[in-house]
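S.K.: Sequence lines, in order, name chains A and B.
Start counting the first sequence at 1; every next residue gets the next number (our numbering).
Start counting the second sequence at 1; every next residue gets the next number (our numbering).
Please keep in mind that the hints were generated in silico from the structure rather than gathered at the bench.
Idealized CB from N, CA, C, for every residue including glycine.
Careful: at least some of the hints might be erroneous.
Residues on chain B that point at chain A, a partial pick, calculated with CB under 7 Å [as the list claims (entries may be wrong)]:
1) Ile48
2) Asn151
3) Gly154
4) Trp179
5) Pro378
6) Lys383
Next come the chains, spelled out residue by residue.
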Amino acid sequence: MERKLVCISCPLGCRLTVTWEDESDITVKGNRCAKGESYAQEEILAPKRVVTATVAVAVLAAAAAPAGAAAADAATADAEGTGRATAAPAAAQMPRRLPVKTSAPLLKEQIPALLNQLYTMEVEAPLGCGDILLEDIAGTGVDLVATRSLKAG
Amino acid sequence: MKEKRADAVVIGGGSAGLAAASRIAAEGHSVVLLERESELGGILNQCIHNGFGLQRFKKDLSGPEYAERFVQAARKQKNLEVLVETTALEVIPGAVHAVFGYSKHGGVTKVDAGTIVLAMGCRERNRGNIGIPGTRPSGVFTAGLAQRLINIDGYIPGRRVVILGSGDIGLIMARRCTWVGMEVLAVIEIQSYPSGLTRNIVQCLNDFGIPLYLSHTVSAIHGKDRVTGVTVTPLEEGRSEEAKSFDLDCDTILLSVGLIPDNELSRKFGVRLNPETGGAFVDGGLMSCIPGVFACGNVLHVHDLVDYVSEESERCASFVVEYLKGEYRSPHHPVAAGANVKYVIPNKYLPQTTNRFYLRSMIVKNKAELVVALDGEPLKRKKLAHVQPSEMVSFQLDAAELSRVSESRENKLEVGIY
Numbered sequence: 001m002e003r004k005l006v007c008i009s010c011p012l013g014c015r016l017t018v019t020w021e022d023e024s025d026i027t028v029k030g031n032r033c034a035k036g037e038s039y040a041q042e043e044i045l046a047p048k049r050v051v052t053a054t055v056a057v058a059v060l061a062a063a064a065a066p067a068g069a070a071a072a073d074a075a076t077a078d079a080e081g082t083g084r085a086t087a088a089p090a091a092a093q094m095p096r097r098l099p100v101k102t103s104a105p106l107l108k109e110q111i112p113a114l115l116n117q118l119y120t121m122e123v124e125a126p127l128g129c130g131d132i133l134l135e136d137i138a139g140t141g142v143d144l145v146a147t148r149s150l151k152a153g
Numbered sequence: 001m002k003e004k005r006a007d008a009v010v011i012g013g014g015s016a017g018l019a020a021a022s023r024i025a026a027e028g029h030s031v032v033l034l035e036r037e038s039e040l041g042g043i044l045n046q047c048i049h050n051g052f053g054l055q056r057f058k059k060d061l062s063g064p065e066y067a068e069r070f071v072q073a074a075r076k077q078k079n080l081e082v083l084v085e086t087t088a089l090e091v092i093p094g095a096v097h098a099v100f101g102y103s104k105h106g107g108v109t110k111v112d113a114g115t116i117v118l119a120m121g122c123r124e125r126n127r128g129n130i131g132i133p134g135t136r137p138s139g140v141f142t143a144g145l146a147q148r149l150i151n152i153d154g155y156i157p158g159r160r161v162v163i164l165g166s167g168d169i170g171l172i173m174a175r176r177c178t179w180v181g182m183e184v185l186a187v188i189e190i191q192s193y194p195s196g197l198t199r200n201i202v203q204c205l206n207d208f209g210i211p212l213y214l215s216h217t218v219s220a221i222h223g224k225d226r227v228t229g230v231t232v233t234p235l236e237e238g239r240s241e242e243a244k245s246f247d248l249d250c251d252t253i254l255l256s257v258g259l260i261p262d263n264e265l266s267r268k269f270g271v272r273l274n275p276e277t278g279g280a281f282v283d284g285g286l287m288s289c290i291p292g293v294f295a296c297g298n299v300l301h302v303h304d305l306v307d308y309v310s311e312e313s314e315r316c317a318s319f320v321v322e323y324l325k326g327e328y329r330s331p332h333h334p335v336a337a338g339a340n341v342k343y344v345i346p347n348k349y350l351p352q353t354t355n356r357f358y359l360r361s362m363i364v365k366n367k368a369e370l371v372v373a374l375d376g377e378p379l380k381r382k383k384l385a386h387v388q389p390s391e392m393v394s395f396q397l398d399a400a401e402l403s404r405v406s407e408s409r410e411n412k413l414e415v416g417i418y
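Okay, chain A solo, but in the shape it has when bound (with noise of 0.2 Å):
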């Protein structure tokens, strides 16, 4: 097997030229360093990425309903994935979407799994950066976590 990988180590970005016959015995060319070889081993052997997304906020109905009937209608649009942009004065301090990543990174193969479950997720208000959405992500050891806090709406 031959693949054509260019290392992302440093700004060099050197093109590595990687073969094996089986995995346990990787040759790869093209690298100015060590970091190349290791770089390619692991693109081979288990592809790793953070992996960085949102997930919807809960609007609720105690910070929709000072605002009036139009604002709670237009949230519950929104709830139900009609909806447009709402710009509903009560939401307006809320975000809709919580910036989340991985702790770490996470074999490529799972990502598509962690995705489908981050469309339908939703998480509530108050929230710290840090603060941990998933634990253990598909017996992993990694974790799904907030990147911004969120004070209580």
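Dock chain B against the given chain A, drawing on the hints supplied.
M.R.: The following block gives chain B in isolation, referenced to the frame of chain A:
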């Protein structure tokens, strides 16, 4: 109209403004910070991907995490007053500068201050800036606008997208669009090399098998109400090869075709701008041609790492503090961009202290050398493993290295890359 007085007004509450405002306030000076949005943090809030803070914090942070550290630091400053949802609309320069902020809640606030820090950041070049022919349907977004729609507002701007320009925001959005279920058909780049970082090419395009067409451009946009497709044309030796054009069926186009320092306000009140950077001409203390008006961050020149913005802005703040104490140093001597260098910031230097310079290469080269000359004679050489236009270069000169500076000469520094 409300009236306030402060030692410094900082315009913009993104990474530059936060770092500068906190540092000035920490030195005991009163600061008013004007922020247009309802939250501090600026563009970092929508940059939910990681890769921030590797230099400054030795940590791989997302944009919001990086912002939150600076917002919390700013909140602790007793001398710092933050006005959010307040847009600086006008500045009247003078012995004391008057800054007029407008807010839909509070009306007009006038802040009188001896110093101003311009920290408004930059904006994206758009379709008008690059003049793409074709119809004018909906579905054409700048990459940063799409990023905001997806990451902050929670909307998906389309289904099938073509990205024009391989700047970092475009590359990051290629991955983001894929991860929210959009189909990214291609990234089209007019240059023969990518304009974004290599790690973004690898992790945002190669990971998903998204093709990158170098030396290609979008020669037409199709569709009446909504985009229905684009025509992509290759360039050979600078000429469009129309016979080799092909069409892609898409409903969305994202533009990642460069950033422009947002200096409309600065221009209006007389700040002299540098056509090479789009930012102010600044002296060794990052002060513009108007005494007491400083600039830092992307409004001065577009940076590729926020870590550099924070460093530059804190350094700017220390010069503001010197100015406020009546200890602003001079003379400043000129700095010029030499061979293969697009620009060097600042445009002047102070010989009796340590000067940090940022510059951008015009060439792609491995094993390059940075050469700094003083009045034509080499003063400093630095080996650079790799240079390319998308990676900013930085170096320092301290007072000892500048000991050859004397009153009898021009003392012009010229910075070249060979």
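S.K.: Are the hints correct? Go through all of them and say.
M.R.: Outcome of the hint check:
1. For Ile48/B, the interface hint holds, the least distance from its beta-carbon to any beta-carbon of chain A being 4 Å, beneath 7 Å.
2. Taking 7 Å as the C-beta contact cut-off toward chain A, the hint placing Asn151/B at the interface holds, the least distance being around 6 Å.
3. For the restraint placing Gly154/B at the interface with chain A, the shortest Cβ-Cβ distance is roughly 4 Å, inside the 7 Å limit, so the hint holds.
4. Because the beta carbon of Trp179/B sits about 6 Å from the nearest beta carbon in chain A, less than 7 Å, this interface hint is met.
5. Violation of the interface hint for Pro378/B is found here, the shortest Cβ-Cβ separation to chain A being roughly 26 Å, above the 7 Å cut-off.
6. Interface restraint check: Lys383/B against chain A, minimum CB-CB distance 13 Å, threshold 7 Å, status violated.
Hint compliance for this structure: hints 5 and 6 are broken, all remaining hints hold.
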